[in-house]
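Q: Following the hints, complete the assembly by docking chain B onto the known chain A.
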Amino acid sequence: MSDNLEQIFVKQLKDNQNIIHKICRLYTNSQDAHNDLFQEITIQLWKAFPKFRGDSKFSTWAYRVALNTAITLYRKSTRNVATISYEGQKHFLPQDDYNFEEEEQIKLMYMAVQQLNDIEKALVFLYLEDKDYNEISETLGISEVNARVKMNRIKGKLKKILNP
Amino acid sequence: MEELDLLKKVWQKDTYKNEQISEVEIYKMLHTKSSSIVKWILIISIIEIVLWSAIGVVFNTDDAIKSMHAEDALIYLKVLTYVNYVVIISFIYCFYRNYTKISTITSTKQLMNDILKTRKTVRNYVWYNLIMIFLCTILGFAMAFIYNPDMSVIKEKMAHDQSNWILIKIILILGFVLFIIIGAFWLFYRLLYGILLRRLYANYKELKKIDL
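Protein chains in written order, with the numbering used here: chain A, 1 to 164; chain B, 1 to 212.
So here's chain A without its partners, still in its complex pose (with noise of 0.2 Å):
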């Protein structure tokens, strides 16, 4: 029974796990500390699997459980030293619809928004992952109205960030 249960988990986890590498990327800046957070989000996945209904996407379920590991759980300081980041060697767009500008422009932004701290950087991931206002504010425990007024603040502040 729990053999299956893990085999379940082990297949959903493998198809999904870029979303904890989105998280693991934007919370850490190298690649063992990124295997060290994927790890410990992998753990905390596993132990809240058996709650795990089905009712919802496991996708939208791990969302909630991999950005509390990286924000609440995880021990180890994440902050970003400000160093050129791994990233720097990148690339985001993909090769046959490559444009230079633009790729500076997302690595810059990309690296703009690593410097946002842990909270920020919650909005800004599942503003990107093209999360709703309501999801935003449920998954962070925080109003609606002020997820939204901090969403805005953090464009601005993005702004600043690209243009000193």
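Errors might be hidden in some of the hints.
To give a feel for the contact side, a few chain A residues facing chain B, derived at Cβ under 7 Å [what the hints assert, rightly or not]:
{"no.": "1", "residue": "Thr72"}
{"no.": "2", "residue": "Phe92"}
{"no.": "3", "residue": "Asp118"}
{"no.": "4", "residue": "Ile142"}
{"no.": "5", "residue": "Asn146"}
Hints are computed from structural coordinates only; laboratory data are not their basis. Beta carbons are placed, not taken as given, at the ideal position from N, Cα and C, and that holds for glycine.
A: Here is chain B on its own, set in the frame of chain A:
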């Protein structure tokens, strides 16, 4: 904001192909140990509760009291001991209830709240013990003063002492010792939980600020 939406566009298509983890690796991860702060808080809390409860058991005062022939004070101490047990058990129960409430599927704010609550319970337990130490030291001293025959020399001296200087000295020494003990514990806990919870507190404050 244009750039953010540009990022959003590529964000959702990102495949993370260099980071992909296989099923075998996930299996391995399931059997590794968590290093979350909740686990650390649990471990430290259990150590604290055991340690403080052990102190109460080890420092058995019955013999000292018998040697002082202060049996009439024994009944009060017995009552105090039982009250102490009830308090310890209720603390453990509260801690256990708070701990089981911690769940990663609640909202971030609720989760932080729940974690800080378990922490507070243990902190209160430690304070309770420190206050008990404080009271017991004073009580013990008063009893020794009244019942212990060895104290008669000091008592006699004090009777001849017009300025109460000896009494003041005793109180000063007692106060200083208690201050050092309690101060050391306070510092120790500040450091211990400061390191463990610094990030959590910062994030909790940040979240609360949004909702002001």
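Q: None of the hints should be skipped; say for each whether it holds.
A: Status of the hints after comparison with the structure:
1. Thr72: 5 Å, holds
2. Phe92: 4 Å, holds
3. Asp118: Since chain B brings a Cβ to about 5 Å from Asp118 (chain A), closer than 7 Å, the hint holds.
4. Ile142: Given a least distance of 5 Å, the restraint on Ile142 (chain A) holds.
5. Asn146: 5 Å, holds
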